[in-house]
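> Chains as they are written, first to last, in our numbering: chain L, 1 to 368; chain A, 369 to 589; chain Y, 590 to 737; chain S, 738 to 1142.
Calculated directly from the structure, the hints in this document are not laboratory data.
Heads up, a few of these hints could be off.
Said to hold, decoys possible - Pairwise CB distance ranges, derived in the manner of DEER restraints:
id, chain 1, residue 1, chain 2, residue 2, range
1, Y, 631, A, 375, 53 to 59 angstroms
2, Y, 595, L, 298, 14 to 20 angstroms
3, L, 54, A, 551, 30 to 36 angstroms
4, A, 527, L, 31, 48 to 54 angstroms
5, S, 1123, A, 375, 18 to 24 angstroms
6, L, 31, S, 847, 22 to 28 angstroms
7, L, 54, S, 850, 50 to 56 angstroms
8, L, 288, A, 527, 41 to 47 angstroms
9, A, 389, L, 8, 42 to 48 angstroms
10, A, 527, L, 175, 55 to 61 angstroms
Claimed, not checked - Under the rule of at most 16 angstroms between Cα atoms (straight-line distance), these lysine to aspartate or glutamate pairs were calculated in the EDC-like manner:
id, chain 1, residue 1, chain 2, residue 2
11, Y, 733, L, 186
12, A, 376, L, 195
13, A, 554, L, 167
14, A, 463, L, 167
15, A, 383, L, 186
16, L, 271, L, 241
For glycine and all other residues, C-beta sits at the position ideal for the given N, C-alpha and C.
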Amino acid sequence: MSLRTEPVTMNVGPIHPSTHGVFRMRVTFDGEEIVDVEPVIGYLHRGSEKLAEERTYTQVVTLTDRMDYVASMTNNQSYILSVEKLAGITPSPRGVWLRMIAAELQRIASHAVANGFLINDLGAWHTPLLYMLREREKILEMFEMLCGARITNSYLRPGGVFMDAPDQFWPALNRFLDEMPNRIDDIERLLTTNEIVLIRTQNVGVLKKDECLNASITGPVLRASGVDWDLRDKNPYDYYDQIEFSRPLGEIGDNHDRFLVRIFEMRESLKILRQCIENIEPGPVRPKEVPFLVRPPKGDSYVPIESPKGELGFYLVSDGGISPFRCHVRAPSLINLTLLREMVLGDKIADLFVTFGSIDVNMGEVDR
Amino acid sequence: MFGFGLIKGLFVTLKNLVGPTFTVQYPNKRVGLIKASKYYNKNPFSLFKSHPLEGFKAIVGQAVIKEFPDQSPRFRGQEFNWFEDRCTGCASCAKYCPLGIIEIVTHPGEKNIQEGTSYDIDVFDIDIGRCMFCGICVEACPFDALHMGSGFERAIEKRENLVISVDELRSAEKRPSTWFRPQMEKSSYEPRNEKIEDSHDVGRHEKPSKEELTKRWVNER
Amino acid sequence: MTKCFSGEKICELIDEINPQSVVSTNSDSVHIQPESALSVFSELKNKENCQFNLLNSLTAVDYIDHFEMVYHLTSTIHNHSIVIKIICGEGRKEPKVSSVVNIWRGADLQEREVWDLMGITFENHPNLKRLLLWEEFPGHPLRKDYLR
Amino acid sequence: MNTVLDSVVFKFIYCMLVSSDECANSFKIIGSGFISEKYAIIGFLITAFFLIFIIVNGALVGVLALIWGERRLVGRFQARLGPNRWGPWGIFTPVADAIKVMFKEDISPTLSDKFVFILAPILMVVPVLMIFAVIPFGEATFLTDLNVGVLFVLAITSTNTLSVLMAGWGSGNRYGIIGGLRAVAMLLSYEIPMALAAVGVILMAGSLSIIQVIESQVIPYAIFQPLGFLTFLIASTAELNRSPFDITEAESELIAGYMTEYSSMKFGLFYLGEFMATIASSAIIVCLFLGGWKGPEILPSHFWFMIKWILMICVFIWFRATFPRLRVDQIMELAWKGLFELTLINILSIAILMLIWPDPSITELWIMTGIKWIVFFVSLWIFGKLLGPKPLQKNGVARKIVLQK
Chain L
1 MSLRTEPVTM
11 NVGPIHPSTH
21 GVFRMRVTFD
31 GEEIVDVEPV
41 IGYLHRGSEK
51 LAEERTYTQV
61 VTLTDRMDYV
71 ASMTNNQSYI
81 LSVEKLAGIT
91 PSPRGVWLRM
101 IAAELQRIAS
111 HAVANGFLIN
121 DLGAWHTPLL
131 YMLREREKIL
141 EMFEMLCGAR
151 ITNSYLRPGG
161 VFMDAPDQFW
171 PALNRFLDEM
181 PNRIDDIERL
191 LTTNEIVLIR
201 TQNVGVLKKD
211 ECLNASITGP
221 VLRASGVDWD
231 LRDKNPYDYY
241 DQIEFSRPLG
251 EIGDNHDRFL
261 VRIFEMRESL
271 KILRQCIENI
281 EPGPVRPKEV
291 PFLVRPPKGD
301 SYVPIESPKG
311 ELGFYLVSDG
321 GISPFRCHVR
331 APSLINLTLL
341 REMVLGDKIA
351 DLFVTFGSID
361 VNMGEVDR
Chain A
369 MFGFGLIKGL
379 FVTLKNLVGP
389 TFTVQYPNKR
399 VGLIKASKYY
409 NKNPFSLFKS
419 HPLEGFKAIV
429 GQAVIKEFPD
439 QSPRFRGQEF
449 NWFEDRCTGC
459 ASCAKYCPLG
469 IIEIVTHPGE
479 KNIQEGTSYD
489 IDVFDIDIGR
499 CMFCGICVEA
509 CPFDALHMGS
519 GFERAIEKRE
529 NLVISVDELR
539 SAEKRPSTWF
549 RPQMEKSSYE
559 PRNEKIEDSH
569 DVGRHEKPSK
579 EELTKRWVNE
589 R
Chain Y
590 MTKCFSGEKI
600 CELIDEINPQ
610 SVVSTNSDSV
620 HIQPESALSV
630 FSELKNKENC
640 QFNLLNSLTA
650 VDYIDHFEMV
660 YHLTSTIHNH
670 SIVIKIICGE
680 GRKEPKVSSV
690 VNIWRGADLQ
700 EREVWDLMGI
710 TFENHPNLKR
720 LLLWEEFPGH
730 PLRKDYLR
Chain S
738 MNTVLDSVVF
748 KFIYCMLVSS
758 DECANSFKII
768 GSGFISEKYA
778 IIGFLITAFF
788 LIFIIVNGAL
798 VGVLALIWGE
808 RRLVGRFQAR
818 LGPNRWGPWG
828 IFTPVADAIK
838 VMFKEDISPT
848 LSDKFVFILA
858 PILMVVPVLM
868 IFAVIPFGEA
878 TFLTDLNVGV
888 LFVLAITSTN
898 TLSVLMAGWG
908 SGNRYGIIGG
918 LRAVAMLLSY
928 EIPMALAAVG
938 VILMAGSLSI
948 IQVIESQVIP
958 YAIFQPLGFL
968 TFLIASTAEL
978 NRSPFDITEA
988 ESELIAGYMT
998 EYSSMKFGLF
1008 YLGEFMATIA
1018 SSAIIVCLFL
1028 GGWKGPEILP
1038 SHFWFMIKWI
1048 LMICVFIWFR
1058 ATFPRLRVDQ
1068 IMELAWKGLF
1078 ELTLINILSI
1088 AILMLIWPDP
1098 SITELWIMTG
1108 IKWIVFFVSL
1118 WIFGKLLGPK
1128 PLQKNGVARK
1138 IVLQK
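Required output: the full structure, derived from the provided sequences and hints.
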C-alpha cells in the first residue's frame, strides 16, 4: 500500500541556525525526503569587487579580510601574490616565510571551525564545536601578537608583511605545535569512531571524482573525492616548493571523507609549520624599495592559491593607476555550491544540513 | 564492539569536565580568599580589616576582582592616540583611510615645526563608529604622531558621540598600541600598564632642533 | 609547477582545432572569436594533448569600449594552464557569448554572477537568473558606467 | 495493597488534624487533632492538598535547579564556565530566565489553530506532574502506592505525544508540523521497548507496584539485567526528546521543531514540562533499576534516593553534552530492529532463568547475573554487527585516508 503524499515547499534560511550565515535554500520535501533544492544567495553582498576599483592597492587588503572572515590570512595572501605578480615585486624571504606561517595557522583555524560546525549540524549540542573553537582561540591570540587584530588581520602588504613577529610569538607558536596534536587526537577519539557520526555521515552526500572536477569544485572537497589536486604541491606559490608535506585523499567522497580529510590536513599543516620555523631566516620583512602606493604597469594577473576552502584567486587588471581597474575574486565557496542540489537529492532533511556543512562554505565569500 | 566509540567519546567529555576552562569572567571575577588577598596585596587577615565585605565574600569564594583577558601590545584598539607635538597637519592619515573617516582642518602656524613648515590643527575628527581599525592611517603617518589605542570598552549610547574630536584626542590618556611602531616594542612597553606622556618616546626619530632645521632647510638648499 | 602556456603556444593549440578562431595573441593569452568559442572549448577539454578539465575562473572585464570574457583553464592531468579571452559587445551593444555550462558544469554559478554584475548574456544557459542581486535590480553594477 | 494512608508523611499530617483512635495509637506523642472523626474527610482533603502543594512546588524548584545544573554542567563539559552572573555561581540564572519568559510578549500566529495552540503546553505539564504521585522518595514516603504503578507511569508518559502533535499542528508552521509528526513516530515507537524493558523488572519483582519492585531488588536490576537497563535508558532518553534523540526540536534542522512559534509563558510551560519529565524519568529509572531508596544504612533512605536521582540526571546531561543526533529513519530503525529484539531477548532470558531457579538464593542470583551479562555482551555484539555503521569497508578493504607523498 502506498500513501498519497504531497510535497511541501519551505524556505530554509536566511535566518536559520545551521546555514552558516545568511544562506537561503528553497527546499521541497516529500515527507522527510528532499525532492528539490534551490540555493538563493546574495544576502551578504557588499560589492567588494566594485569597492576595490575605488581604493588603492594597499587599501584593498582590508576588503579581502572581510570576504572569507574565518580565513582572512589566506585571502590576504592570495591578493598580495596577485599584486606582486602584477607589479613585479620580489618579496623579502622573511616576509614570505612569515606569511606562510600565518596562512598555515589560518588553515588550521578554518578547518577547525569547519569540522566543529559540521558536527554542530549533526546536532552535538556544541561540545565538539567549542573544543575546536578553543584551539582556534590560541591561533587568534597568535594573530593578535602578529598584527594586533584577531579576525580582520590586514597583515600582509605587497612585498611581505608589514611588521616582524614579536619575541613572544615564537614560544607561543612552539607551545601550540606541541599541544595541538594531542588536541586533534582528542577530537578524533570523540568523533571519528563515534558510531552516531559514522552512520550519519557515511555514504551521504557522495561526490564522484569526475563530477567534482567538472563542476570546478576544489579544495578539501575535491581531495575527499580522491583527486590529487593541491595547488601548494602542483603549482607552488611562496616557498611551498621547499617544503615536504603529504596530501590526504579520500576514497568515496562522502561527508565522512570530507571530515577526515580536514582533520588530516590540520596535521599536515602542523608539519609545514615546523618546517617553516626551521627555514625562517633573519632579515627585513618587506623590501625597502616597495612604495606605500603601489603603481603596477598595465596588464592583468591571476595567481590561484590553495585557501582552506579551495582554489582562491584574485584576477586583477591594472590600467597603470593606483587602484585596480578590475578586481575579480574566484571565490571557492561560491563555486563549491554548484553541485549542492545533486548532492542532497533523495536524502533526508537532516542530511541536507550535514552535506551543506561538509562543503564548508562561508557566506562572506559566497556573496562578497 | 558496537558502542565502543560512543563510550570513548563520553570519556573525552569527562576529561574536559575536570579540566581547565578556557573562558574568563570578564570584567568581574569571583574568587576565594587566597586570590582575593593577592589581588588587594594583603595577607588574608588584614584583608578583613581593610575590606571586610570582600573578606567575608571571599570565604565562600565570591569576592569580586577585576579580570581582563590577555592582550597583545600590538592590539589595534579604540581611542586613537594623537601626539600634537609631532603632528604637522599633513593629512596623510585622512588621505590613506580606506573609508575616509578622518577630517582635518588646519591653518599655517609656528607651533609644531617638524621638518620645514607646519600647520596648526583646528579640527581632527575621527569617526570611530565607521572605523574598521585597519591601522592604515597609522602606517601612513610620516612623523609617528597618530597611534592606535589599546582600549576596547567604548560602548556608548549615542552614535554622535562616536566621533572623536580634537579636544578629546588632546586630553585622552595616552596608551598607544605598539602596532607599526617597532621602536616602542623594543623597550618592552605594555599599553595596559604604562602610559606615555612625552611625545619623544613614541617617535622613530627625535624632533630636530632649531639649528638642525636651519642647517637642513636653509643652509643646504 | 603548473606550466603556463605562452600566447604563441596557445595559438598553436587552437590552430589545430580551428585555424580561423584566433583573433590576436598576447604574451600569455589569446583572444578568440566568440562564434567559434564553443567548439574550441569543447575540443580543448577533450583533445589528448590539452585535456583542460578544470575551469578555474570565468570572469568579464569592462574595457569601456568593449567587454572581455576571461577564461582560466587548467588540466589536472598534464598540469598545465592557459588563459583565453573573448572580446564581445563592441561599442557596449548587447554583449553576448555562448555558455560553456554544457562543457564545464562549474561555469554555472560563475556565468550567472557575470550576467548579474556585468550584464553579459550567455546563450543556452539553463538558468540565467540574477545570482547576488534581486530580480528587480536596475542595471549591472560592475559596469564602469553604472551610477547609483 | 498499600493505600495512601500508609505513607508516613500523610499519616503524620492527617493525625495532627483528625482525632481518632487509630491515629492516637500510631502517633502517641501527638495524640489526636482537632477535627472530630465525623468530618475526617475534611482532614483528608486538607492533608492531600497540602501534600500535592509540596510535590508540585518541589517539582518546580527541582526544575529550576535542573536548569541551573544542566547549563552549568554542560558548560563544564564544554570546557567553559557556564552561567556565572546572577548570584553566586550563577544560581539565580533560572530565576532570571523565568522572569524573562514571563514578561515576554505572548504571540500567537495568525495561521494557528488557537484552541489547540493554547491547550498543547498545558497538556505537556499536567501528565508529568501526575508521575510524581507514584514515586517513593524514600522509605514509606510516597503520595500513593498504586498496585499498577509501573503501568500507570507508562500510560501517563505516552500522553506527551498528543501534546507535541497538537503543538506542531496548532502552530501552523511547517517546521512545527514536521517536528510534531516526527515526535509522534518516535515517541510511539519507543513506548514499546520501554514497556518491554519494564516487563523484565516486573517479572523478577512479581508485582506492578513500584514499592514492591524496589523491595524485591536484592541486587539492583541495573546490574542484574544490564540489557533491560540499557534499553530502558535509551528508550527513556528518546521519550524525553533529549540528545541524541532530540529530532523533534532538532535545533540545527527544524529551528525548534514543535515549539518554533511559541513564546512567553507557553514556551515556558514546554520548557517546564520537558525538564520536569527529565526529573520524573530519572526517578523512575532509579526506582526500577537502581534500587530506589535502598543503600547502606549510614545514610537515611531519602538521601540514597536523592543521590541516585541526581546522578541519573547527570547521566542524561552527560549524554546531551557528548552525542550528536541520530537521523529520523535511523532512530526508527534502532527502535524496531534493535531495542525491540533486545528487550525480547531480555524477557526470554529472565523467563528461562526463573524457570530454572524459581526461588533464587543470593548465590543463585549472582549466577543469574553472570549469565545475564554474557547474554548482554553477545546480543550487543550481534546487533552491533547487524545495525552498526556498515560500510566501513569498500571492496572489502578498510577505508582510510590515503596520504599522497
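> Against each hint, give a clear statement of whether it holds in the structure.
Outcome of the hint check:
Distance hint check: the CB atoms of residue 631(Y) and residue 375(A) are about 55 angstroms apart, consistent with the given range 53 to 59 angstroms. At roughly 18 angstroms, the beta-carbon separation of residue 595(Y) and residue 298(L) lies within the given 14 to 20 angstroms, and the hint holds. For the hinted restraint 30 to 36 angstroms between residue 54(L) and residue 551(A), the CB-CB distance of approximately 34 angstroms keeps it satisfied. Between residue 527(A) and residue 31(L) the beta carbons are some 50 angstroms apart, a value that agrees with the proposed interval 48 to 54 angstroms.
As the Cβ distance of residue 1123(S) to residue 375(A) is approximately 20 angstroms, the hint placing it in 18 to 24 angstroms holds. Separation of residue 31(L) from residue 847(S) is about 26 angstroms and conforms to the stated range, judged on CB atoms against 22 to 28 angstroms. Look at residue 54(L) against residue 850(S): about 55 angstroms separates their beta carbons, and that is inside 50 to 56 angstroms. Against the hinted window of 41 to 47 angstroms, the Cβ-Cβ separation of residue 288(L) and residue 527(A) comes to about 42 angstroms, which satisfies the hint.
Remark: the range hint 42 to 48 angstroms for residue 389(A) to residue 8(L) is upheld by a beta-carbon distance near 43 angstroms. At about 42 angstroms, the CB distance of residue 527(A) to residue 175(L) disagrees with the hint of 55 to 61 angstroms. Of the pairs offered as hints, the one joining residue 733(Y) and residue 186(L) is violated, with about 53 angstroms between alpha carbons and a cut-off of 16 angstroms exceeded. Pair hint residue 376(A) plus residue 195(L) holds up; C-alpha atoms about 11 angstroms apart against a cutoff of 16 angstroms.
A C-alpha spacing of about 10 angstroms is found between residue 554(A) and residue 167(L), which places the hinted pair at or below 16 angstroms, so the restraint holds. Using a Cα cut-off of 16 angstroms, the hinted pair residue 463(A) and residue 167(L) is violated, with the two alpha carbons roughly 33 angstroms apart. Between residue 383(A) and residue 186(L), the direct Cα distance comes to roughly 10 angstroms. Compliance with the 16 angstroms bound is thereby established for this hinted pair. Between residue 271(L) and residue 241(L) the alpha-carbon distance is near 14 angstroms, which keeps this suggested pair within the 16 angstroms criterion.
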